[in-house]
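> So the chains spell out like this:
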Amino acid sequence: MSSTNYTIFADSVDSGGILSTGGVYSLEDTAGESPVGSSTSSSYEVIGGYQAMDWSVLTMDIDTNSIDLGALSLSAVATSPAVVSVTADATTGYVLSVGSVSGSSLLPVADGSVTAGQEEYGVAVSGGDASFSDDRAIAVGLNLASSSTPVIGSRTTLTFKAARANASTPGARSQSITITASTNI
Amino acid sequence: MNTLKYFLYTLAILIFLIAAKPARAFEISPVKSLFTVDPATSLTVVVKIKNTPPFIPPLKGEGQGAGFKLSVFGMSQDEKGGPVFSRGIDAAESWVYPENNLVNIKSGEIKSVNFIIKIPADALAGSHYLGLAVEPVLSGQGNQSSLSARLVSLLTLQVKGMVEESVAIEKWELNNESPSLAAVRSDMNYLAKDNSKLKFDLSLKNSGTMEVLLRGAIAVRNWKGEELFSEPIILGNKLLAGSRRVLQPEIVLKNGVNLPGLYQAQVKINYGRTNQVVSAIAYIWYFPQWSKVASALLSIILLAVVILVVKHRK
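So the protein lines, in turn, are chains A and B.
My numbering numbers the first residue of the first sequence as 236 and each following residue consecutively.
My numbering numbers the first residue of the second sequence as 253 and each following residue consecutively.
It is worth saying that the hints were derived from the structure and are not from the lab.
Values in this document were obtained by computation on a predicted structure and should not be read as measured data.
Incorrect hints may have been included.
[Said to hold, decoys possible] Distance ranges between label pairs, derived from CB positions:
id : chain 1 : residue 1 : chain 2 : residue 2 : range
1  : A       : Gly-347   : B       : Tyr-349   : 27 to 33 Å
2  : A       : Ser-339   : B       : Ala-343   : 28 to 34 Å
3  : A       : Arg-390   : B       : Met-414   : 23 to 29 Å
4  : B       : Glu-483   : A       : Asp-346   : 52 to 58 Å
5  : A       : Asp-369   : B       : Pro-291   : 43 to 49 Å
6  : A       : Ala-306   : B       : Gly-340   : 36 to 42 Å
7  : B       : Asp-290   : A       : Leu-342   : 19 to 25 Å
[Said to hold, decoys possible] Per the computed footprint, the stretches of chain A lying under chain B, defined by three or more beta-carbons under 8 Å from a beta-carbon of chain B, are:
id : region
8  : 319-329
9  : 374-382
10 : 410-417
[What the hints assert, rightly or not] Calculated lysine to aspartate or glutamate pairs in the DMTMM-like style (CA-CA distance at most 25 Å, straight line):
id : chain 1 : residue 1 : chain 2 : residue 2
11 : B       : Lys-358   : A       : Asp-324
12 : A       : Lys-396   : A       : Asp-298
13 : B       : Lys-332   : A       : Asp-346
14 : B       : Lys-300   : A       : Asp-324
15 : B       : Lys-332   : A       : Asp-298
16 : B       : Lys-321   : A       : Asp-369
17 : B       : Lys-321   : A       : Asp-298
18 : B       : Lys-321   : B       : Glu-345
19 : B       : Lys-363   : A       : Asp-298
20 : B       : Lys-300   : B       : Glu-351
21 : B       : Lys-302   : A       : Asp-324
22 : B       : Lys-451   : A       : Asp-298
23 : B       : Lys-300   : A       : Asp-298
24 : B       : Lys-302   : A       : Asp-298
25 : B       : Lys-363   : A       : Asp-346
Where is the CB? At the ideal position from N, CA and C, for every residue including glycine.
Given these sequences and hints, build the entire structure.
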């Protein structure tokens, strides 16, 4: 059941329900509902029922999992890009954020710009759904991009940036970063 | 020697994220689910995963398929309304677990995976927010660095029982207050600029046990308390239990806000299925540009009069 503004994926009034699976098929049915948890207006979402599921699809593609910033110099900021593509057909769109960070790094950028000659490390984002326009420290929960409407193949470029200072401690740094995508709440 | 030292130094400072092969695409469905559950019950959530073109590379040959790791996170909401996934947010994280921690999916194949939900008998009534996470296991992962992708399906568990809807306004004040006068009038905000647009700081906290939808409006009143105009404000998506929303709503002054003086800006928030209302008032001293010019002219005239009087007396 749907209209211009909303879709109800499963509405029922019944008194029995079970999950059935067989081969590549699965069937979810529900039991004993009355109208539960439903709200309607021009700006509100409807999720009603004992089991309410939004069977929209969320797709994510990162064009590389190799970001190499190379040997840093005092005179330039090292950069390396990764392009994240997201398709989200849910009416609430999507959110792209940093899900986890581990490993070692240089000092995180704090002044909004990774600058040559200063020890700083961060990420910039670009694209139609980018969440910020400066350089940010890479931390769990950092919102990278989002949309409140469905998107198809929305591309966000993450540009990792690093610079070193004279006083920087020599040595290799490496990180494992997970980029998380989900639908909006 | 110095050249060698410089060479070693520049080589030594490296930031790199390495893995052997590029990450590729995959998809999940559903993207969100809501279950109303009784304590001491169990059920199963199905999540479909597709290894979609360009395919996630297989770990041990195409026959085996690509590996996908399944896990469960707690979910909270950041101040702008976006989801934040982490462990240790909600006790409900231990109620849900994947039937298998790892699943292999061949290129182009769709697989349904089960997440088992077991609600304990002493589960607290209200909403619990979780993320069902799917993450490809890439070649070269382990101790090596990597940039990887994770898709999360949102899961809300509404445990039956007595629940409460409660939203509090933690902060409501004018954004651009005058620091010099703020100290004198600590209980009031002061608008020093001649600006027809007012910007406020608003902070809301959901201290109830379930998520609420929000509607809001700002009403501007004169010193007598008469409403001059009211404008709706956008408060964003639903506010999850335990979460805070920070906003900076703006209104344009109109309908009778032209005389200098003290005004009230009242924010009213309607929330939840119980349609409760919470409100707060910010006081605004308003001095339009013309009043400042008039005050300056009046001061000059008064000064001139005083000088003339003093001279005349001598």
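> Hint by hint, note whether the structure agrees.
How the hints compare with the structure:
1. Look at Gly-347 of chain A against Tyr-349 of chain B: about 41 Å separates their beta carbons, and that is not inside 27 to 33 Å.
2. The hinted window of 28 to 34 Å between Ser-339 of chain A and Ala-343 of chain B holds, with their beta carbons roughly 33 Å apart.
3. At about 47 Å, the beta-carbon gap between Arg-390 of chain A and Met-414 of chain B misses the expected band of 23 to 29 Å.
4. For the pair Glu-483 of chain B and Asp-346 of chain A, the supplied restraint of 52 to 58 Å is violated, since their beta-carbon distance comes to about 36 Å.
5. For Asp-369 of chain A paired with Pro-291 of chain B, a C-beta distance near 47 Å keeps the hint of 43 to 49 Å intact.
6. Checked against the hint of 36 to 42 Å, the C-beta distance between Ala-306 of chain A and Gly-340 of chain B comes to roughly 38 Å, which is consistent with it.
7. For Asp-290 of chain B paired with Leu-342 of chain A, a C-beta distance near 51 Å fails the hint of 19 to 25 Å.
8. Closer than 8 Å: that is the beta-carbon criterion, and the region 319-329 of chain A has 6 residues meeting it against chain B, so the requirement of 3 holds.
9. Remark: the region 374-382 of chain A is confirmed as covered by chain B, as 4 of its residues place a Cβ nearer than 8 Å to a Cβ of that chain, reaching the required three.
10. Residues of the region 410-417 of chain A lying with their CB closer than 8 Å to a CB of chain B number 8, which satisfies the three-residue condition for coverage.
11. Our distance criterion of 25 Å between C-alpha atoms is met by Lys-358 of chain B and Asp-324 of chain A, whose separation comes to about 24 Å.
12. Simply put, Lys-396 of chain A and Asp-298 of chain A have alpha-carbon atoms about 18 Å apart, close enough for the 25 Å limit, and the pair holds.
13. For the hint pairing Lys-332 of chain B with Asp-346 of chain A, the CA-to-CA distance comes to about 22 Å; that is within 25 Å, so the pair holds.
14. At most 25 Å may separate the alpha-carbon atoms for a hinted pair to count; Lys-300 of chain B and Asp-324 of chain A meet this at roughly 15 Å.
15. Between Lys-332 of chain B and Asp-298 of chain A, the direct Cα distance comes to roughly 28 Å. Violation of the 25 Å bound is thereby established for this hinted pair.
16. As the CA atoms of Lys-321 of chain B and Asp-369 of chain A are separated by approximately 33 Å, the hinted pair breaks the 25 Å bound.
17. A hinted pair counts as satisfied when its Cα atoms are at most 25 Å apart, and Lys-321 of chain B with Asp-298 of chain A qualifies at roughly 20 Å.
18. A threshold of 25 Å between alpha carbons decides the hint, and for Lys-321 of chain B with Glu-345 of chain B the separation of about 17 Å falls inside it, so the pair holds.
19. Only pairs whose Cα atoms come within 25 Å are accepted, and Lys-363 of chain B paired with Asp-298 of chain A is accepted, the gap being roughly 23 Å.
20. For the suggested pair Lys-300 of chain B and Glu-351 of chain B, the alpha carbons sit about 13 Å apart, so the restraint of at most 25 Å is met.
21. Annotation: proposed proximity of Lys-302 of chain B to Asp-324 of chain A holds, straight-line Cα distance about 15 Å (limit 25 Å).
22. Between the alpha carbons of Lys-451 of chain B and Asp-298 of chain A the distance comes to roughly 41 Å, so the proposed pair goes past 25 Å and is violated.
23. Restraint check: the Cα-Cα separation between Lys-300 of chain B and Asp-298 of chain A comes to about 23 Å, which is no more than 25 Å; the hinted pair holds.
24. With a CA separation close to 17 Å, the supplied pair Lys-302 of chain B and Asp-298 of chain A stays within the 25 Å bound.
25. About 45 Å separates the Cα atoms of Lys-363 of chain B and Asp-346 of chain A, which puts this hinted pair outside 25 Å; it is violated.
In the structure shown, a violation is registered for the earlier hints numbered 1, 3, 4, 7, 15, 16, 22, 25, in ascending order.
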